[in-house]
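*Asks:* Chains as they are written, first to last, in the working numbering: chain A, 1 to 517; chain B, 1001 to 1309; chain C, 2001 to 2292; chain D, 3001 to 3329; chain E, 4001 to 4329.
Simulated from the structure, these hints should not be mistaken for lab results. All C-beta atoms in this analysis are idealised placements derived from N, C-alpha and C, irrespective of residue type, glycine included. Worth double-checking, as some hints may not be accurate.
[What the hints assert, rightly or not] Far from chain E, by Cβ distances over 12 Å, these chain D residues were calculated:
1) Leu3121
2) Phe3281
3) Leu3302
[Claimed, not checked] Residues on chain C that point at chain B, a partial pick, calculated with CB under 7 Å:
4) Leu2024
5) Gly2118
6) Ile2131
7) Thr2132
8) Phe2135
9) Leu2138
10) Ala2146
11) Met2223
12) Phe2230
13) Ile2246
14) Leu2253
15) Pro2257
16) Ile2271
17) Ile2272
18) Asn2275
19) Leu2276
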Amino acid sequence: MKSAAFTRYALAAALLASFAGPVAARDLRVNINADPEMIDPITFSALIAGDVLRNVYQSFSRVDEKGNVLPALALKWTAHPDNLGWRFELRPGVKFHTGRAFGAKDVKASFEALLTPGSKAGLQLQYLQRIVGAKDVQDGKTKDLAGVSVVSDLVLDIRFTAPDVLFPIYPFMIFDTQVVADKGPNWFMQVSAGTGPYSFDSWKRGQEVHLNAFKDYYGGAPKVDGIRFVIVPSEETSVTMYEAGELDVLMVASTDLARRIMRDSRLKADAQTVSAAQITYLGMNQNLYAPFKDKRVREAFCISIDRDAMSKGLFGGLAQPLYGQITPGIPGYNPNVRKIPYDPARAKKLMAEAGYADGKGLPPLKIANLAPFRNEIAYYADQWKQVLGVTVDLDIQERATFLRSLNAGETPFFSWGWTADYPDALYYLSQVWHSKSPFNRARYSSAKYDELIDKAQITPDNAARYKLYHQAEDTLLDDWGTCGIFVRTNVAVVKPNVKGVTLAPMRMLPYDKVTIN
Amino acid sequence: MSAYVVRRLLGLLPVLAAAIVLTFAANQFVPGDPVTVMLGDQGGNVELEQKLRREYGLDRPLPVQFADYLAKLARGDFGLSFRYPSVPVTQVIRDALWISPSLAAAALVLALPIGISLGIVAALRRNTLADTGIILVLVAGLSIPNFALAAFFVWIFALKLGWAPVAGWTSWRHAVLPVALLAIPAAAYLARLARTFMLEVLQQDYVRTARAKGLPERLVVWRHSLRNVLVPILTVCGVIFGTLITGTVVIETIFNIPGLGRIAIDSIFARDYPVTMAIVMLFTFFYAIINFIVDVLYGIVDPRIRISR
Amino acid sequence: MIGRTAAEAISEGSRLAEFSRLFLANRSAMLGATIVLIAVVVALLSSWLAPTDYARTNMLFVWEPPGDDFVLGTDALGRDVFSRLIVGARVSLTIALSVLAIALTVGTAAGMAAAWNGGWIDSLVMRTADITFAFPELIIAILVAAILGPGILTVIISLSLVSWPGIARIVRALVLTLRGELYIDAAIVCGTPPTQILLRHCLPNIVPALIVRASVGVGFIVMAEATLSFLGLGVQEPLPSWGGMIRDGLTALRTDPHLSLAAGAALGTTIIGFNLLGDGLRDLLDPRIRER
Amino acid sequence: MTAALELSRLSVSFPGQPDRLRVIEGIDLAVGPGEVVGLVGESGSGKSVTALAAMRLLPSVARIDAGAVHLGGRDIVGASRQELLRIRGAEIAMIFQEPMTSLNPLFRAGFQIGETLEVHLGLSRAEARRRAIELMRAVGIPAPEVRVDDYPHQLSGGMRQRVMIAMAMACRPKVLIADEPTTALDVTIQAQILQLMRRLREESGMGILLITHDLGVVAGMADRVVVMYAGMVMEEAPVRSLYAMPHHPYSRLLLKAIPRVRERADRLNQIAGTTPPASRFPSGCRFHPRCPDAIDRCRMELPPLETMPDGRKSRCWRTGEAGLPSMST
Amino acid sequence: MKPLLEARALSVHFPVRGTSMSGDSRLLRAVDGVDIEIGAGETLGIVGESGCGKTTLGRAILRLLEPTGGSIRFDGMDVTRATGAALAPLRKSVQAVFQDPFGSLNPRMRVSDIIGEPLRNLGWPRPRISARVAEVMEIVGLPPEYASRHPHAFSGGQRQRIGIARALAPSPRLIVCDEAVSALDVSIQAQILNLLKDIQRDFGVAYLFVSHNLAVVRHLSHRVAVMYLGRIVELCDEGRLYTAPLHPYTTALLSAVPEPDPERPNRPVVLEGDLPSPIDPPPGCTFHTRCPVAKPDCRATAPALREIEPGRFVRCHFPGSFRQAEVTS
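Chain A with its partners taken away, still in its complex shape (with noise of 0.2 Å):
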C-alpha cells in the first residue's frame, strides 16, 4: 500500500519536474527575428544566419567587444616581405565536432570547397579573390588552389596576386570538408562540421535553430547545454516572451523597441548597449535625378537633418550622430572628421543659389527605403519640408523590389546602412563608395577617392592605411557624394542571472563563456 502510494509520488513528481523544466544546466534561449536562410557555413549571407553560424564556425581571428583582433584557429600571422601573402600559424589541439583534429589542411580545403564551380558562396568568395589560382579553381580548370600552401598540419602559406593586408581578419568559416564528401550538398542539416563551442543540433522552421555545446571545445567545454535560438519575428511577442521568462536574451532589431526598453526600467537595469558598426547614409543617384548634379543641392539636403536632435529625439539617445563615413570603434576612425552642422538658413541660401528657392522648379522626388526604417525618412521628409520647402514623398518599398533595385542603380534617392563583416573602415570605404564595387547604390564615381581606396588597399601599414582612409573620407564629404546621419546603438537585454553574454559593435560575441545561474 504505502508502496503504491510512494510510487505514485514519484511519478508525480517526476511529472511535474518534466513540465517545470530543468533549473540547473539547460539551454541558453536567445531570440532571432526571422529564419536564418540557410545554416550553410558556405553560402550563408544575411546577419541572422551569421549570429547563429558564429558559434558553430570559426575564421583565423576574432574580434572582441571593443573591435580588437584576438587569435581564434591561428595563433599568429605574419605577412610575407613582399606583401603578397601571409603565413598563418594554426593553434593545436583544435577539434571538429566531428571529431576529426583541425590542421591547415581543413583551411586550404575549406577554400577549395568554397571556390568549387557554381558555388554559391558570398562575401567569403570575394575575400578570397586575390589568392593566386582562385580564378583557375573557380573555372574547374583544377581542385587545387595554387595559392594556398599547407607548409605543416599547423602551418599554412598563402599567396595573393596582389597584396590583400587585411586577410587574416576576414571571417571566414573553416569547416570539416570530410563531411561534405561523406554527406552530400545537405550536409550541413545533419552534421556540425565546424569548431566552434557549439554544434548544430537541429532546426525546425518556424520554430528554432537548436546548438548543442560542443564538449571538446578547445577554449574549455560551454557551461550551458546548448543555445536555442527562438525564432521570433514580431517584436512585440519576443519583449513579451523575455518578461515571461520565455528568453534569456533578448537581441533588439528595431529603433522602436530599443527605445521602449530603454523607458522601461526593469528592462533597462537588464540591457546591454553598444555603438553598431553600421553606417547609415543617404544616397544620392546624380545620374537620375539631375538636380543632385548641383553639390549645393546636396549639401542643403545634407545640412538640413537635425543629427543631434534625431539622435536624442526619435532614437531617445540610441544613436549618435555620424559625419564621416566610418562607425566609431572600427580601426580606421577619424575622430577628427568634420562634422555636418544642422543649418537652416544655410541650406535655404545654397537652394536659393542653385536656383530652387522654397523646393521652386525641383522636379518630384521620393525618397525610398524599407518599412521598419518609415519613422526614419518621414522624420528627414518632413525636414526638407520645414528648412527647404521641398515636398519629398516617402517610398516606403517591399524589400525585394528595394534591393533589386538598389543593387541596379536605379534608385534615384535612398535611405540605407552598411553592417562591417570585419573590423576594418576599409569595409565601408570600398564596398560602399568605390566606383567598381557592386555595392556603390548611389554610383557615386570618383578618380581620386578611387586611387586612394587602391592604395590603401595594397598598404601593410596601419598608420599610413588609416591616413589614405581618411584622405578618401574627405574627399567623399567634401563632394557631398553622400552624408553620414546616424549611428544606431545595438541594445540587447540580458537576464541578470546570464553571465557572459556580451553585446559588441558587430553584434552579439560567441556565446563561449555564458553562464546560468
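Chain A is fixed; fit chains B, C, D and E onto it per the hints.
*Replies:* Structure of chains B, C, D and E alone, referenced to chain A:
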C-alpha cells in the same frame, strides 16, 4: 447519396484548377525578383544570379514554367523554395501543414457551443437588457481587431496571470490563447446568426404547434427550435472556417506559431512564391474540403435534402 | 393574421415616420448611428479639427505623454497623436467608402446581370465569386497589396477585389427572389424592358439589403485596412492610419499605452458603431424578422 | 350542461401607436361537448386572435385585457405556466391552417405525434410510436407503419393535415380548435378532411371550434355559428336558422356576396367599403360605415349583443325590423 | 370568325433538377398539349386543383414562360417564340391581373407610376399618361387623390383595383386574371368580380380567368376548361359544365365544393387519395387512380379530348358515366 458526394467532389475541381492558375499568374505580377531576394546583399554577383535562375527554371518562357509547374504538381512536388535556397517547398510546409487547420478547427469547435447558446439566450430574452448586453459584447467581439485583442490577452493571461505561455509551439498550452482569440470573433458571429435564426424560428408555425401540444418550453427551445437553428448555422460553418483559417495568419504571427498562416505571410514578404502558391492552394483546398463536408453534413441533418423522392 | 394586422398598423402613418420611430426606439442602432455620425463628421472636418499638422515632426517632443500641449501625446517622431487620430478617421473612412462604392457598383452590376440573364453570365460571375470565396480573403488582399506595393490605392484595390463577390452574391440572390415577385411579372407583361425592370423595380427593392450589408461591410473593411496597415501593407507614411498607429504603438504598449490604445479605441468604436447601425438597420429593413 | 370551452367578455390588445390596439373586444362564445361551433369572419375580424387567446398561445406582446376562458369549468386566463402545459394538447388541442409549416420539418411525423403522448401520458418512446401508428390509421393515413417514419416534406398537404389532426387527437382532448384547417387545401382534399373531422367528432364527442372565412365549410360542419366583424361578435345562431334568416345586416350581406357554384347570378351583392384595421375601428356599431341600414344611432352607440327570444344573438339596433335595405336583393 | 387568342398543343415542361441527392433530372409536364381559344370579349375560365397547370398555362400565354411545345397565336399572329419588338403587340394588347394584392404592386412606386408603367413603355408622353391614369382610376373606382400614394397605404381590395387599373391602362383586348380574387375577403371579392364584369361589358375585353374557385369561375366565365395534371379534361360553356358535367373529375370536383347552405345534405366524399405528381403521371387516363368509375381500359389507354357535343370537349373513355345525381342524392 454517393452520387451526390461524387458530384460535390467534382465541383471542387474547377475551384482548385482556378487556384492553380491564379496563384501562378499572381506571382508573375509580383514585383521583386526572387533571385534578387536570394542574393540579398550580394546583388552584384552576376554569375551566381544566372546559376540560381537556371536552377529554379526562371530563365525559361512562362508557358514552359507553367507546364513544368503543373507536371510537378501532379506528383505532389511544389518545387523549390526561394527563401530557403534549394529546399523543396514540401519540406518547408510539411511540419506546418496541420497547424492552421487544427487551430481553426479547435476554434470552431470552441466557438460553436458558446456562440449558439449565447445567441439563443439573447433571442429568448429579446429586447431585454440581457439581450442588449449580449449584443454589445458580441459586436465588440467582432469589432476589436484581433491583433489588438491578442496584445491585451497576452498581457493579462500570459504575463499577469501566467495561465498560458506567451508564444511558441511546443505543448498544447501554447494553443490556448491563439484558439481563444480565434474563437472570439467566430463565436460572436455565430451568436449573432443564432440569435437571428432563433428569432425567426420562434415565429415559425411549428413552434406554435409545439406549444399548442403542451410541450414544456425546454423542449420547444432545445428540441424543436434548436435543430432548426442548427441547420442554417451549419451552412455558414464553411465560411467561418475560411475566416478562421485566414485569422491564423495574424494569430500565428503574434504567437510565433510555425503554421501555414505565418509561413504564408513570411513567404509573401520574402517573395518565396513557390511556397506562397503552395499555401494558397492548400488553404483553398482546406476551404473546399470543409465546404464539401458541410454540404454532406447538411444533407444528413436536413431530411428535406437527404431523402430522395 | 396578427402579422397582417401589425403590417396594416404600420401602413397607417407614413413609412418614413414609422421607420424613424422604430429606429429611434432601437437603442443599439441609435448608439451605432451616433458613433458613425461622429466618425463621419470628424473625418469631414479633420482639416479643421486637427490641432496641428499630422505630418509635422518635432524631435524635442518625442513620445510625450498626454497632457496640455498634446491631448493624446506625441509619437516616435514627435507628431501629435490626436491630430493623427483625427486625420486617421478621414483615411479610414475614405478607404472604406471607396471600397464600398467600388464593391457595390461592381457587385450589384455583376449580381444583377447574373440573376437576370442566367446562363453563361451567371456561371461566369458566380464561379468567379466562388473562386474568390475559396481563397481566404485576407490572404488575397495581402498578396495583392504585396504585388502593388503599399499605399491607399493598393488598399482600395485589394479590398475591393475581395469585397465585390459577396455583394454580387447577395444581389443575385435578392434579384432571383424578386424575379418571383408578381410585380416583376406585371412589369414584364406590360412590356417594361429588362434594364428598366432592374433599375426601376429591382434596385430600389434591394437597396435596403445593400444598406444593411454596406454598413456591416464598412466594419470589415476598416478592420481589414487596419490589418493590412498592421502588416505594413497599408497606408503610406506620413499619412496616418489607425491600424498603422496601433502597430507603431504596440512596441510601447506598456510604457506609452495611449499610443495604441487611442487608435485601437477609435478603430474599435467605429467598427462597433457601423456594426450596431448595420444590425439595427437589418432588424428594421429585413422583412424576415421585421414582424412583431 | 357546462360548456367544454367558454369565452366570456374576452378582450385582447396588441401594442400600437399611440395606444394599445384592442384587437378583439368582449367576445362571448361557448362550445359544448360534441358540438361544432363555426367562428366565421373576414380577415382582421380577430377570429384567429380569439383562437390563440383560448389556447393562451398569444404572442408575448399581446395582452388579455379582460374576460375569462373557461375550460371544463376552470378559468385558464390566470393559469400558471405549469397548468397550461398540462392543459394544452391534453384537454384542448389546436390545428392550424398551414399543415406544411405547422409541422417541424426536421422531425418524423410519427415522432411529432408521439411526442404529445410522451409529454402528457408519460409513454415511452416505443409505446408512443405504436400509438402514433394507431392514431395515423385512425385519421385515415394509408400504410401508417411506413408513414410513421416519413418527414413532413414527404407527405402531401392532405396527409400533413391528417398528421396534425392525429397529433391534436392524441390525448383525446375535450375541445379542438381548428383554425382554417382546410383553407390551404384543394377542394377534393378539403372534403376528405372535413369528413374526417365530422367522423372524429362523432367518435370522440369532443367540442370543435371551427374557425374559417368560408361560409360553405361552416354550413356543412357547424351546429352553431358565430359571426365576427372588426373584433366583435355580430351574430350568433344555430347554423340552419342563420343561413335561412340572418338577423344582422353583415351576415345577410355576406351570405349574398358569395358566388355560388350551383347557380349563376348576373351580379353579386357587394358590401361597400373595406374591412377596417384594428387601429381604425369605427365608433358606434363597427359595421355602420358599410351598413346600408345604418341610422344615426348606429354611428354613435355600440349596440349590445342581444339575445333574441329564439335564443339567437345579434348585435344590431335594428334587429327584427322588417324591410331593411340589406334584405332586398 | 378568328379567335382573339389561340393556343394549340401548348406544352410547358420543366426539367426537375434533383431536389434529392440522387441528382437525376426528370420532366415536370406542367402543361401538356393544351388547346384553347378565346374570342374577343369572351371569358374563358380555367379551373383545377393545385398542380394542375392552370397558372402555368396563364403564364405561358402571357409569355412569362417559354412554351416547350405548341403554338400561341394572338390575333392571328404567331407569338410563341417572339421576343423584343415582335412581342410588342402582345405586350400592348394582353395584360394581367395577379393573385396577391400585396405582391403584384411594387411597394416602392407610386400608384400613378404603377398604373402608368405600360403606357410609359408604349412611349406615351407624360401628360397623356397622367390623363389616362386618371381615367382608368375612375373606371376602377379609385379616387384621383390616391395617385400619389404608395401601395402600402391601401387595403387588399383597393390594391387589386390598382392592379386592374394598370392592366386596363393600355386598353388591352385580353386580360389574364390569375387567381385575381382568391386572396380577397368575400365582401371585397364581390366588389372586384362585379368590377371585372363591368369592365368587360363596357370595354369588350376578353378574360382568361384562372382560379381554383369553381363558384367564382362560374360567375364570370362564358366557357370553362377543367384541368387535371396539365391537361384539359373538360371544356364547354359554363351552363352545361356546371349543371351536367360529363367528366367524372368535373363531377367530383363540383360535388366537393361546400355550399353555403345547411339545407343541402352532406355529400359523401367522392375522390379518395391525393393528386398524383405531375412529374410522374399515371399511365393511361391520368385520372384513373382516383376515378370512381374507372375501368381497365382507362389504365391502358389515354383518352383524347373529344368533341362530344358541339362546343363540348371531354377527355374520357366513358363520358357521363358518373353523374352528379349519384353524388348529390
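*Asks:* Find the hints from earlier in the document that the structure breaks and name them by number, from lowest to highest.
*Replies:* 4, 5, 7 and 15
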